[in-house]
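*Asks:* So the sequences go chain by chain: G and P.
Residue 494, in the working numbering, is where the first sequence stops; the numbers in between run on with no holes.
Residue 55, in the working numbering, is where the second sequence stops; the numbers in between run on with no holes.
Some clues are possibly wrong.
Restraint ranges, calculated between C-beta atoms of paired labels, are given here [as the list claims (entries may be wrong)]:
#, chain 1, residue 1, chain 2, residue 2, range
1, G, N397, P, S2, 34 to 40 Å
2, P, V15, G, G386, 44 to 50 Å
3, G, Q167, P, V31, 49 to 55 Å
4, P, V3, G, A308, 24 to 30 Å
5, P, V39, G, G137, 33 to 39 Å
6, G, G386, P, S2, 51 to 57 Å
7, P, S2, G, A393, 30 to 36 Å
8, G, Y39, P, E45, 25 to 31 Å
9, G, P328, P, V39, 43 to 49 Å
10, G, G386, P, P38, 41 to 47 Å
11, P, S2, G, A308, 21 to 27 Å
12, G, A458, P, E46, 43 to 49 Å
13, P, P38, G, A311, 42 to 48 Å
Example chain P residues on the side facing chain G (calculated, C-beta under 8 Å, incomplete) [stated by the list, open to error]:
#, residue
14, M1
15, L4
16, M6
17, T8
18, V13
19, T17
20, G21
21, S22
22, Y28
23, G36
24, R44
The set of hints was computed from the structure by calculation and includes no laboratory data.
Remember, it's a predicted structure, so these values are computed and weren't measured experimentally.
By construction, the Cβ of each residue, glycine as well, lies at the ideal position given by its N, Cα and C atoms.
So the chains spell out like this:
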Amino acid sequence: MSSLGLGVLQTGTGDVNPAYLGVFVVYLVGVLAIGAWAYLKTDDVSDYWVYGKELGPTLATWSYVANFVSAVSVIGFVGSVYGGGYSIVTGIVFGLMLGISGLYFVVHKVRELNHITFPDIIAELTGREVARPITGGVLLANAWVYLIMQLVGAGLLVTTITGVPYQYMIWVIGGVFILYTVMGGLVSVAWTDLAQGTLMVATVALALGYMVFDLGSLTSLNQQFMALDPANVAPLGDGAYTLIGVAASIVAFFGTIFTSQATVVRINATDSIRTAKFHLAAAGFILSVFYVMLVMLGAGTTVGLNGAGLAVENVDRAFPVLIMEYVPTTVGTIIIVAIMSGILSTTDTRLHACGVTAAHDLYDYFVDGGADDEKLLLVSRVSTVGFGIVATAAAVNPPGTIISLYNWRAILLTSALLVPVYVALYYRDTSGKAVLASIVLGALSGPGWNALGEPLGAPAAFVGVGMAIFGLLVGRYAWEDTPAASPGAAPSDD
Amino acid sequence: MSVLGMPTGMFLVFVATLVAGSLGTAHYVIVHVIMGQPVEENIREEPPSEVGGDV
C-alpha cells in the first residue's frame with residue numbers, strides 16, 4: 001500500500017488548468033446548492049443527525065457506497081496496485097467485502113435497539129452512561145483524524161490537476177464541505193452522496209473501459225501487467241506478504257465495517273430493518289464490483305504509464321499523472337469528477353459524524369441530558385464547523401501519512417469494539433464491566449502492540465482482538481453484574 | 001494456467017472477493033425476494049433515555 005509523503009503536498013505548478021478548474025468549481029457550486037436545499041428540509045435535530053429516521057433503500061445504499069470510497073481507496077489503492085500489484089485485494093479488499101456481508105447478517109440487532117450512535121448502544125449494553133464519553137471520545141478522535149486524511153487526499157488531487165497551490169485549495173475544499181454539511185446535516189450528506197456515489201461508480205467503470213480499449217483487452221491488460229513484474233499478479237505479492245500478515249489484515253479491515261460511527265449512524269437513520277438489511281446487501285454487491293474495477297484500473301494505469309514513458313516515483317502520483325498526461329482531457333475531466341466525488345462524499349460523512357458525536361455523545365452526557373433539541377442542534381452545527389476548521393488547518397501540514405493512519409485506525413477500532421460490542425448484542429446477560437474491560441484492553445493492546453513494532457511477529461490486530469476476548473472471558477466470570485434493563489426493547493432471538 | 005491473463009490463484013482471489021461482498025445480496029434475494037419471507041420488523045418505539053449508574 002502506498003503513502004502520501006508530506007513533501008508531495010507542496011505541489012501546485014502554478015499552471016492553472018482552466019478546464020479542470022471549471023469542472024471543479026461547477027461541482028462545488030452543485031453540492032452547495034444541495035446543502036442549501038437540505039437546510040430548508042432540516043426542521044429539527046433528528047433530521048440533522050439521522051434524517052428523521054426516514055432514510056429509504058436507494059438513498060441509504062448510495063450514501064453508504066459513496067461514503068465507503070475514500071481518498072485511501074482512490075489514490076491509495078490505485079497507487080498501491082501501481083507499486084505492489086494485485087496483492088491488496090487479498091489482504092484488504094477481501095476483508096472489507098466480507099465485513100459488509102457480515103454486518104448484513106447482524107444489522108437487525110443494531111437497528112432494533114433504535115438508538116442514534118454507537119456509544120448509545122454501548123452505554124445500553126454495559127448499563128453505564130460513562131461508556132458514552134469513553135467510546136465517543138475514541139470515535140471522535142478517529143473520525144477527526146480520518147477527516148484530515150480525506151482533506152489531504154482531496155487537496156493533493158485537486159492541486160495536481162488544477163494547478164492551484166495546495167495551501168489555498170485545501171481551504172476552498174474544507175470551507176465548502178463545512179458549509180453544506182452544517183446547513184443540512186444528514187439530509188445534505190445523503191442526497192449529495194446519492195449524486196456522488198452513482199457518478200463515481202459509473203465513471204470508474206468508464207475509465208476502466210477506456211483503459212481496456214486502449215490496451216487491447218482485459219486479458220491483454222493483465223498480461224502486460226504481469227510482464228512488467230510477475231509479482232504484480234501473485235496473491236501474496238510473490239513473497240512480499242506472509243499468510244499470517246494477510247490474515248491479520250483481513251481481520252482488521254473486516255472489523256472496521258462493524259465499528260464505524262458513520263456506519264452505525266446511517267443504519268439507525270434507515271426507516272426499517274428491511275431497509276437496513278437491503279442497503280448493506282446492495283452496497284456489498286456494488287462495492288465488490290467497484291473495487292475489482294478500481295484495482296484493475298490501477299493495473300491499467302501501471303501499464304499505460306510505463307508504456308508511455310510516464311513512470312512515477314511516488315506511487316500516489318500515478319493516478320493524477322494518468323489523468324493529466326495520458327488520457328484525453330474529456331475523459332480526464334470525467335474521471336476527476338468521479339474521484340473527487342469519492343473522496344468528498346467520505347469527507348462530508350466524517351464531518352457529520354464529528355458533529356453528532358460531539359453533541360450527542362459528549363455534550364449531552366456532560367450536561368446530564370439537560371439540553372433541549374434546539375441546543376443540541378446548535379452544538380452539532382458549531383462543533384461541525386469547529387472540527388472542520390481545525391481539521392482543515394491540520395491538513396495544511398498533516399501529522400502523518402494517509403495509509404499509516406488508515407491501518408492504525410483499523411487496528412484500534414477492531415481491537416476495541418468488534419468483539420465486546422457484538423458479543424454483548426447477542427448475549428445480553430454479559431457483564432457490563434466485562435464489556436468495558438474488554439473495550440479498554442483491546443484499545444490499549446492492539447495499537448500498543450502496533451506502536452512496539454509488533455514484537456514476536458504477532459500482528460497487532462490478533463493481539464488486540466485476543467486481549468479483548470481475554471478481557472471479556474475473565475470479566476464474565478469475575479463480575480456478576482448485568483447491564484441495565486432495556487425498557488421497551490424487543491431483541492430478536494436469532 | 002491463466003484466466004483473463006492472470007494466474008488462476010489470483011483470479012480466484014478476485015472471485016472470492018466478489019462472492020464475499022455478495023453474500024448478503026444473495027441471502028436477501030433468495031430469502032426475502034424469491035422466497036418472499038418478510039423481514040421481522042421489531043424496532044422498539046423509544047430507546048431508554050438513560051441507562052444505569054456509572055462505574
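*Asks:* Look at each hint and say if it fits the structure.
*Replies:* Hint-by-hint comparison with the structure:
As the Cβ distance of N397 of chain G to S2 of chain P is approximately 46 Å, the hint placing it in 34 to 40 Å is violated. In this structure, V15 of chain P and G386 of chain G meet the distance hint of 44 to 50 Å, their C-beta atoms being roughly 46 Å apart. At about 53 Å, the beta-carbon gap between Q167 of chain G and V31 of chain P stays in the expected band of 49 to 55 Å. Roughly 27 Å separates the CB atoms of V3 of chain P and A308 of chain G, a value that falls within the hinted 24 to 30 Å.
Between V39 of chain P and G137 of chain G the beta carbons are some 35 Å apart, a value that agrees with the proposed interval 33 to 39 Å. Judged by the Cβ atoms, the range 51 to 57 Å given for G386 of chain G and S2 of chain P holds: they are separated by roughly 54 Å. In this structure the supplied range 30 to 36 Å is violated for S2 of chain P paired with A393 of chain G, their Cβ-Cβ distance being about 50 Å. Separation of Y39 of chain G from E45 of chain P is about 29 Å and conforms to the stated range, judged on CB atoms against 25 to 31 Å.
Under the hint 43 to 49 Å, the C-beta atoms of P328 of chain G and V39 of chain P, about 47 Å apart, fit the expected range. At about 45 Å, the beta-carbon gap between G386 of chain G and P38 of chain P stays in the expected band of 41 to 47 Å. Between S2 of chain P and A308 of chain G the C-beta distance comes to about 25 Å, which sits within the given range of 21 to 27 Å. Range check, A458 of chain G to E46 of chain P: Cβ separation about 45 Å, and the 43 to 49 Å hint holds.
The supplied range of 42 to 48 Å is broken by P38 of chain P and A311 of chain G, whose beta-carbon atoms lie about 56 Å from each other. Of the supplied interface hints, the one on M1 of chain P is violated, with its beta-carbon coming no nearer than about 13 Å to a beta-carbon of chain G, more than 8 Å. At its closest, the beta carbon of L4 of chain P sits 5 Å from a beta carbon of chain G; the interface hint therefore holds under the 8 Å criterion. Taken as an interface hint, M6 of chain P checks out: its beta carbon lies about 4 Å from the nearest beta carbon of chain G, inside 8 Å.
With a cut of 8 Å, the hint placing T8 of chain P at the interface with chain G is violated, because the nearest CB-to-CB distance is about 10 Å. Interface restraint check for V13 of chain P: the shortest CB-CB distance to chain G comes to about 5 Å, inside 8 Å, so the restraint holds. The interface hint given for T17 of chain P holds, since its Cβ lies 5 Å from the closest Cβ of chain G, which is under the 8 Å cut-off. Because the beta carbon of G21 of chain P sits about 3 Å from the nearest beta carbon in chain G, less than 8 Å, this interface hint is met.
At its closest, the beta carbon of S22 of chain P sits 5 Å from a beta carbon of chain G; the interface hint therefore holds under the 8 Å criterion. For Y28 of chain P, the suggested interface contact is upheld, since its CB lies about 4 Å from the closest CB of chain G, less than 8 Å. Of the supplied interface hints, the one on G36 of chain P is violated, with its beta-carbon coming no nearer than about 13 Å to a beta-carbon of chain G, more than 8 Å. Restraint check, R44 of chain P versus chain G: the minimum CB separation of about 5 Å is within 8 Å; hint holds.
Going down the numbered hints, you'll see the structure goes against 1, 7, 13, 14, 17 and 23, while the others check out.
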